[in-house]
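Participant: Please take these sequences and the hints and turn them into a complete structure.
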Amino acid sequence: MPDTHTRFGSSSGQPATRRDGLAKVTGAATFAADNRPEGMLHAVYVPAAIARGRVAHLDVERARAHPGVVRVMTPADHPALAGDPDDKPTRFSFRIEVLQDDTVRYAGQPIALVLAETIEAATEGARLLSPRYEAEAPRTGLDDNAPFDVEEPGFGAPGETVHGDPEAGHAAAIHAVEVTYETPPQYHNAMETHAVVAEWDGDRLTLDTPSQALAMSCAAYAHLFGIPAENVVLRSPYLGGGFGSKAIPSGPMVLAILAAQEAGRPVKLMLTRRQMFGPVGHRGATRQTLRLGCDADGRLTVIDHETLAATSSFEMFLESASNASQGLYAAGALRSAHQGVRLDVGTPGPMRAPGEASGSAALECAMDELAHAAGIDPLDFRLRNYAETEPGTGRPYSSKALRDCYDRGAEAFGWSGRPMAPATMRDPDGTRIGWGMGTAFFPSPMFAAEARATLRADGSAMVETAGADMGQGAWTALAQIAADGLGLPLDRVEFRSGVSTLPDGGVAGGSGHTATAGGALHAAGGDAIRRLGELAAEQPDSPLFGAGNAGFEAREGRVHVAGDAGRGDAFADILARAGMSELVGSGRASRPDADTRDYAMNSHGAVFAEVAVDPDLCQIRVRRLVGAFAAGRIINPRLAESQLMGGMIWGLSFALHEEARHDPRTGRIVNSDLAEYRVPVNADVQGLQVLTVHEDDTHVNALGIKGVGEIGITGSVGAIANAVWHATGRRVRRFPIRIEDLLAPA
Amino acid sequence: MKPFDFVRPATLDEALAAWRPGTAWLGGGTNLVDLMKTGAMAPDRVVDVTHLPGLDRVEVAADGGLRIGALVRNSDLARDADLLARAPMVAEALLSGASGQLRNAATVGGNLMQRTRCPYFMDPESACNRRDPGTGCDARDGAWDNAAILGHSPACIATNPSDFCVPLAALDAAVEVRGPDGAREIPLSGFHHLPGDTPAAQTELRPDELIVALRLPAGAADFAAHARYLKVRERTSYAFALASAAAALRMEGGRIAEARLALGSVAAKPWRVAEAESLMLGQAPDEALFARAAEAALSGAAPAGGNGWKIDLARRTAARALGLAAAGTPARMPALPASPFGPAEVPAHA
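If you read the protein sequences in the order shown, they are chains A and B.
Sequential numbering from 25 applies to the first sequence in our numbering.
Sequential numbering from 14 applies to the second sequence in our numbering.
In case anyone wonders, no lab produced these hints; they're calculated from the structure.
The beta carbon of each residue, even a glycine, is placed where N, CA and C say it ideally should be.
Do not take every clue at face value.
[As the list claims (entries may be wrong)] Pairwise CB distance ranges (calculated):
| no. | chain 1 | residue 1 | chain 2 | residue 2 | range |
| --- | --- | --- | --- | --- | --- |
| 1 | A | Ser337 | B | Gln114 | 36 to 46 Å |
| 2 | B | Pro200 | A | Ala47 | 52 to 62 Å |
| 3 | A | Arg115 | B | Gly147 | 47 to 57 Å |
| 4 | B | Gly318 | A | Lys112 | 39 to 49 Å |
| 5 | A | Leu46 | B | Phe17 | 38 to 48 Å |
| 6 | B | Ala94 | A | Leu46 | 35 to 45 Å |
Facilitator: Have a look at this one:
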């Protein structure tokens, strides 16, 4: 039930700098691959060079003969896993490729592993295996295989949702558009590639590996290796980016652990940049057809959103893009449907706003197209279709300050000066200018987490939860929440996180980590304070003596009676009187089912973009991006704004840059490096402004936090694409938008 | 990677003596090391020439030309006052390339030897006549759309991706090399080979020869007031060109007394067409003239696969570069060198 009595101290809301910032910029922070235990071997795997077929030959003898090579694992010769790699031991599990057989299902699939004394020897051993294949024609494009209906795109999302009568909506439409947008495959490219250092001691396993979900990963590894989960110690103090790719164990990580088990020595494996394009998830391609209609006043009669999306040949996860059209605009009828197509690619997976990013891109462009068809300003069009309750279900929103986001974003951007007609704005030098906007929208889920708070004799505290800092600043924001839960200044709180032996911090995904792990930490602090207060209430020398029923609060290292700051006692004094060196509280957080049922819970925002397009050369640059977001309580404005900026920059990347290209004959991705798989550089990000709109939300969770991790990418893609149209009059319906699209004759 | 010998000679003679078949010269390593990591290049011996004395300077020759040592780093050269005074578009090209870190490492000699960015060349699993003669060309009908539009052959559609070499070609630079048989000079215009039937013979440099310097003739300075490099790309930095152009004009009394135009990323070598330059002689600069010159520069262009749009883009790029050159070299390097975007600068030399 909502805790409306939650009191916030002075840490929340402060723009504290990252507590791990100094360690990171000085190189003192140890990432997984920085670990070098005594006797460590290096593992390098061979990625398949074809996308479909089988491995016909590996020159194992030659690899084995290379100096320094100690073991070559192939489909024909590798130790057995205790657990079936096709099992799904946790909620977020995928089938993984661990040399089960010689079948090649996608380019980049591990087909052999070489273990050696040095990284150089392992690399050369892998090269010497010189695989030969029996290749079949790969299927890598959306038209390369027959589509199938999707019941569940992945992780519980529905395959089809219908509210109202879409056909009636189409029939009632005065203005209508039917448009098809395509989004390409995009691959994870966090700065830190996936890595593991695995060390066995009997049936106990220690892993240094970046993880967005420590407890869940331990459960998965324990299942695969047939040991109790508590025998797995997973250390993940720092991650060089996760974005969804480091929540789920992948084949290469498991192979390295298996190799360490057999060798009886620690093993390190780290993916090369090229190896990122395959076994560790990606955002699959989509083709989305939207049929939108509105009446003469611009009120939506229907949003009908169909998605054809790629998944692998052996597993089910695809961009549930159509679901982005549910829950946002007050259309008379809503239909979201998905079809899948099985391709010879690695299994897609969660990638920052999975489904929402691709779906929002197409939806916001289609909205722009319909607004233009109806002769209505794109912002006005969205306001005419503002949903006061969740469309379709009628559920109330737990909070929704989207109208404020539109207002503040539009004002900061200067949207009211936008001419309706496209291709009319120019700089004095002839550069074409365009303005576009999009609505940002992302659900606010919550997972389950636990935490512990220990008050110490000197009045300081230690708080613990196995959370994950992927660079977003969890170490800082979570510590701020914990400090407030304990009524201590931030510098009196020692924060421990990032190792699986601590209480389960839940999954750092779905934009829910601050709310979930933060909720548990806050509850743990509250529990510790309650215990301390009750202890004091029984100490005759304490000012709190006899105050047991009044309830307690804490501030600045003192417990006092709720609502009476004048009657209090210092933590240290209470513990000293009791002769205790410490006092431990525990807490947990998850969302009550009733709240999940009764309320629609989402973060919202509005993104406005200005692009410049060279009139001859068609080079496109984003000059300004303004985003205004309402995401509940903002714990740390500095970090939250960074997260939102990062999302908006990814939106820019989606709109204009990212695309993996498959060779049509082998299925191999030809641009698998950071020179050719483009993401924006600093110089591509010119004006970037983030505004946050405060929301009080007593339903979403006790702390009122909605999450900011993913929403920034939504809205931004459409805003930029719409601005390109507004600059040029050219509507490009395939992402990324490229120079050649604008060069082509109209 | 494949084990190799590593040699670090102290003198030029030692370096030349250290060569044997299978040797790669190591300069800044910004290209070679990447290719060794992918396995596209697998030398038996790497000879690190970065410690050779005397090759890291820019000197003004007696005739007023420049002699640029092969080991001068790109960043240093881009800020060299003698270069900026004579050939600002060379500096502009350098600063439009790669990233600050790469330019700090990359050398003049290494840049001249930069390999194509064709992904099929860089991937040893692919057939590539340029890398492994006779294996075929997987880039044809492949998924790379930044291939050549000029001078390509059935055997190879690679481009030379260098920014630096484009203005050098326009300015008639020459490459000074040393080999076992002594010194010789190779004009830059003939330094890189078109693929023909033998794309593996990428340059005129023999494997046992070493680049020691680059010569920029004194006449280059005649263009300094009207010389620009323009580079078109999807990303503002750290991206190879889709098309680029170096345009240089010598103006006399409002008319073009001499013109140079070279295109980049369109062929296996910087592309110059004599007619494109000569048709501008004696003319007053205007858009129509530059459009005609650009048209002439692209004559004979043909797509290699689905990249026909590059022909149009290169033509537009050439015309724009000529227009920028006519407007005059900016007094200061633009904030985004070689970009069509950026704050307008007042011409200094006009």
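Participant: It remains to establish, for every hint, whether it holds in the given structure.
Facilitator: Each hint tested on the structure:
no., hint, in the structure
1, Ser337(A) to Gln114(B): 36 to 46 Å, "holds (40 Å)"
2, Pro200(B) to Ala47(A): 52 to 62 Å, "holds (54 Å)"
3, Arg115(A) to Gly147(B): 47 to 57 Å, "holds (53 Å)"
4, Gly318(B) to Lys112(A): 39 to 49 Å, "holds (43 Å)"
5, Leu46(A) to Phe17(B): 38 to 48 Å, "holds (40 Å)"
6, Ala94(B) to Leu46(A): 35 to 45 Å, "holds (39 Å)"
No hint from the list above goes unmet by this structure.
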